[in-house]
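Peer 1: Below are the chains, spelled out letter by letter.
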Amino acid sequence: MREQAPAAEAVTPGGDAPAAPVVASSLVGLAPRGIWVVLGLALAALVALGLLALNHETTRLSRAGALALADDGVQSFQRALAVADNGARFPEAGAASAKAVQVALPDEWSRTQPGHTGGVWYRFPLALTQPLPAGELLAAMVDRACSSVEVQLNGVAVFRSGRMTEPYARDCFGAHVVPLPTALLRPQGNVLDIKVAGYPVQRVTARQRAGGLAAVHVGPLSEIRQLADAQVFWTTTLSQIMGGVLVVMGVFSLGLAWVRRLDYLLYFGLLTMGWALMTGRFWRADLAVPNDAMEVLIAMLMAPMTGFAIKFLLGYAGIGVRDKAQQVWNQRVNLLLWAQCLLLPLSLLLLGVDRLFLGARIWFMVFAIELFVAIGHFLWVTGRGRRAEFWLMCAALGVVAAVLGIELSYQNGLLQAGGLHVTHFVMPLLYAAVGVRLIQVYARALQSAEGARAHLERRVQEISVEIERNFNQIAELRVDQIAEKERKRIAGDLHDDLGAKLLTIVHTSDNDRISTLAREALEEMRLSVRGLTGRPMVLSDSLADWRSEVVSRLGQAGIECEWRNPNDTIEEPLSSRTYVQTTRILREAVSNIIKHSGASHVVITADVDLENHVFVLVIQDNGKGIPMELDGRLDRGHGMTSMKHRAKQLSGQCLVESGPGFGTVIRLTLPLEIASMQQVMSHRLGS
Amino acid sequence: MKQILLLEDLPEIRAWLKTLALQVFPGAQISESARIHDALELVNAVRFDVAMVDLGLPDGSGVEVVQALREKQPDVQSVVVTIHDDDDHLFPALQAGAFGYLLKEQSREQLAEQLQRIAQGEPPLSPSIARRVIQYFTAQARLQPVQEPDTVTPHVQLTDRENEVLLRVAKGFTLPEIGVQLNLSRHTIADYVKQIYRKLNVSSRAEAALEAQRLGLFRR
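Chains A and B, in that order, are what the protein sequence lines are.
Position 201 of the first sequence, counting from 1, maps to 201 under this note's numbering, and the rest follow consecutively.
Position 119 of the second sequence, counting from 1, maps to 119 under this note's numbering, and the rest follow consecutively.
These are calculated hints, taken from the structure and not from any lab test.
Do not rely on the hints blindly, as some may be mistaken.
Incomplete in silico selection of chain B near chain A, CB under 8 Å [as the list claims (entries may be wrong)]:
{"no.": "1", "residue": "Ile-83"}
{"no.": "2", "residue": "Asp-86"}
{"no.": "3", "residue": "Ser-128"}
{"no.": "4", "residue": "Ser-185"}
These numbers were taken from a predicted model, which means no experiment stands behind them.
For each residue, glycine too, the CB sits at the ideal point set by N, CA and C.
Next up, chain B with everything else stripped away, as it sits in the complex:
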């Protein structure tokens, strides 16, 4: 039985998303929350398998919850469910550790299918997000040599394959198309995307740690 966190402020939508979740994960235990504050309390209390998190909430951004989940329950699959489709909202969520994103206005069938895929380990990747990821890692690679060798920062780099996948997504090819082009299974392509997300998150956490260290939050 799955434990699902559902964070959504609008009651109707929350009800609707609950039905959707129950459709995808029959018999799941769903903890509902309308505010970040409540959601964070739930995160401390319950072990979740899946989290469906809205971004624009009355008391802040759902990214906070995604981050808390990533830190306290690394195995949870956070999915951002939002009305925003722009990089400025999605990319920070992915960096914080979200594993995928759903756009709310899609039909229940579409959403159900996508949620299913994410739950099965096939995260979505749009061309604009792929471009952002490429930019991000390019900038990281440029900064890398400057960092001191003895810092605790893990050296996060994308493999050639991951880069290849990203580049193709950025050019507008869909994941199945790329699978055909690279003569790889759909499953393998999905793994690459998962790896990319994971590295994005690891890298951003390392960055945050470094920043915290720089600000003197950690004392040795």
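The following block holds chain A by itself, in its conformation from the complex:
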């Protein structure tokens, strides 16, 4: 059998306290729990006391005498002449068995006719003190007669509620309205005889079904009917309404239990439906079943009902879900409850017909104790978790205590029967409260589940977006890798093929110009390859490379060189394209100086302007300058055009100032591609 905790609430935070500081945690954990339990018990006691008081009050008010209204002509009988006799008529005085005695109504046989089975005659002298209003019928009302009743007016039978022979009809709860035919009325000395047939308390399992007669009223039919209607409403209609509600609730619970596979809901559904069927008084069918069999059957129903109640309480508290030991206990309890269902009828059969009531009483006591234990256990478990159910259950405990108390004291004869009992209405109300709470818990769980689902959907969406992004990144990376590989392959091919051929030209040509050209072409090729495969450089590293090359070249040419770097190391990234182009420009400039300027001293200043995102290279020599062309432009042969072109390609500029005798100043300004380069850098770092 699958047990489930009712809701997330069942997981109690306090219950999982770490075991390490055992003493401290148990003290801290126990103290509040004790307080909670005491508070809960106080609430229960309050509810129980309130209920008892209420019951006392309703019983007093609904008692026959209190309802008697002398004004409207209804006469209530508080006393009657009673005699035990199975005859067809009231035994007249002088007969052998006539030992008629005065009894007070309501009359319980267990007091006045102990052990009597069969019929008891009651006689009421009918004195018509007031004349009936015109067109009005006289009627009698029997509040309650158990279990079958016959009414005779002046010796003529006018009403019979059911079979007056064994097994007697079972109609212990309803009121009977009997119109008294005017034709049978005499001017004086009218006698109303009522025969009640029933069983002694020993042969029934509930005192309500033991023989007895409640109050009897006589009056105008309309008044009597009003009285009867009121009573029917309180004793029957209300019960039926509540029973109907309970049935609906039970069906709902069962459906929910089926859908949600929650066992405790199943038990609750069975409990409410069982209760509704037992107390709803839907059937008043007069079955010709022997009384003992019927009584045993009714008592038998109590065992599974108790079982359902206990299983519900345990399941709702979340018992049997957590650990092995609890599951073992749970199985034992199951076994016990089922065994009880079997043991009850067996024990009743063993005790025999005359001790039915005794057996039932003992069993009911056992059930009561079981229920109290179950509720107490529930309180103990939930009290720790501070669940809302705790207070509801405390109130329920009070109700159950009061109801059981009233019921037991009634069954044991400590309380007078008759009138209205709160117990009939309180239990359905309690079920309704628990049911509402269950539905609320379910609705809340549903709501939170939907919330969780929405959250999950959102997360899934987020994650899929992330995955898509990652996928794109990976795809880009892959493209990068492939491109990188391809670049390397091209570079390798260039070196191996073109490079080798150029190299051969460099070293085999007799013509100096051709070998120089080939060497330059080779250098160009290498720079191009570097541009192809190059990783981004840090500006300060690039400056170091340039410095090293320029200084050693100029040094070999015998030209003094002064290189001024910015004071700080500059971590700005530089794309390999910019690096390569700048290298070419510098190379060109240095070549010019070596070949044409005749300079003896060169100053190169590198600077970074972070505000404008540029870096500046100024190359200044003290040579003879570049001669002007006729159109005022600088000599093309000195490579100025290609330098400027390269600078332009990089979105920078290359300014050349020169005049004969003044030397040359080349000012190269290039943008730092910070933003785009940083992306590239982080991308590479990320990979």
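Starting from the structure of chain A, add chain B where the hints point.
Peer 2: For chain B alone, kept in the frame of chain A given last:
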């Protein structure tokens, strides 16, 4: 009389390099080879003084030959003669034990001078190579404490002076400039560079040994 190994696949260039070698080392005995396979056979057969090794060869990389030379003839001076000037080609060669590198397209005079210098124990060091070396040893130093104390790995570390030289080269200063800055002779600076190369090689060999051990190639 010097024994020189010349590994170069292009016949014209090989001829040209031979002239260059003979110019620098007059009367040297030159063993020519166009393939790694042949060169490795020569390494087993002949004791060399100097080796001029090309990197990109039809049957592999000249680094193999440099490595074989370092293992079998530790005294040989291997010089990489290549068309590649990037770290990705040069650094592994230096790690394998090359003592210097020459770029082929330079004029014969330049090459002759550089070869001469290398032969005299003045290996070249470019800023980008210096940066690579610094990075390499920094990474080594970081890894060092992790290694077990009883492993056979020699603890290779650069001295402060060597670091100083490397840092300055990395910043773009030429070796003569550094000599002036540190008030050291040109010869001393060259010694530092030699030491750096040697340590680079020792370290990389230790690394390779460790790797081999890890892979279970050596059984105790």
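Peer 1: Determine for every hint whether it applies to the structure shown.
Peer 2: Now for the hints, and whether the structure bears them out:
no.: 1; hint: Ile-83; verdict: holds (5 Å)
no.: 2; hint: Asp-86; verdict: holds (7 Å)
no.: 3; hint: Ser-128; verdict: holds (6 Å)
no.: 4; hint: Ser-185; verdict: violated (18 Å)
Comparing the model with each earlier hint shows a violation of hint 4 alone; every other hint is respected.
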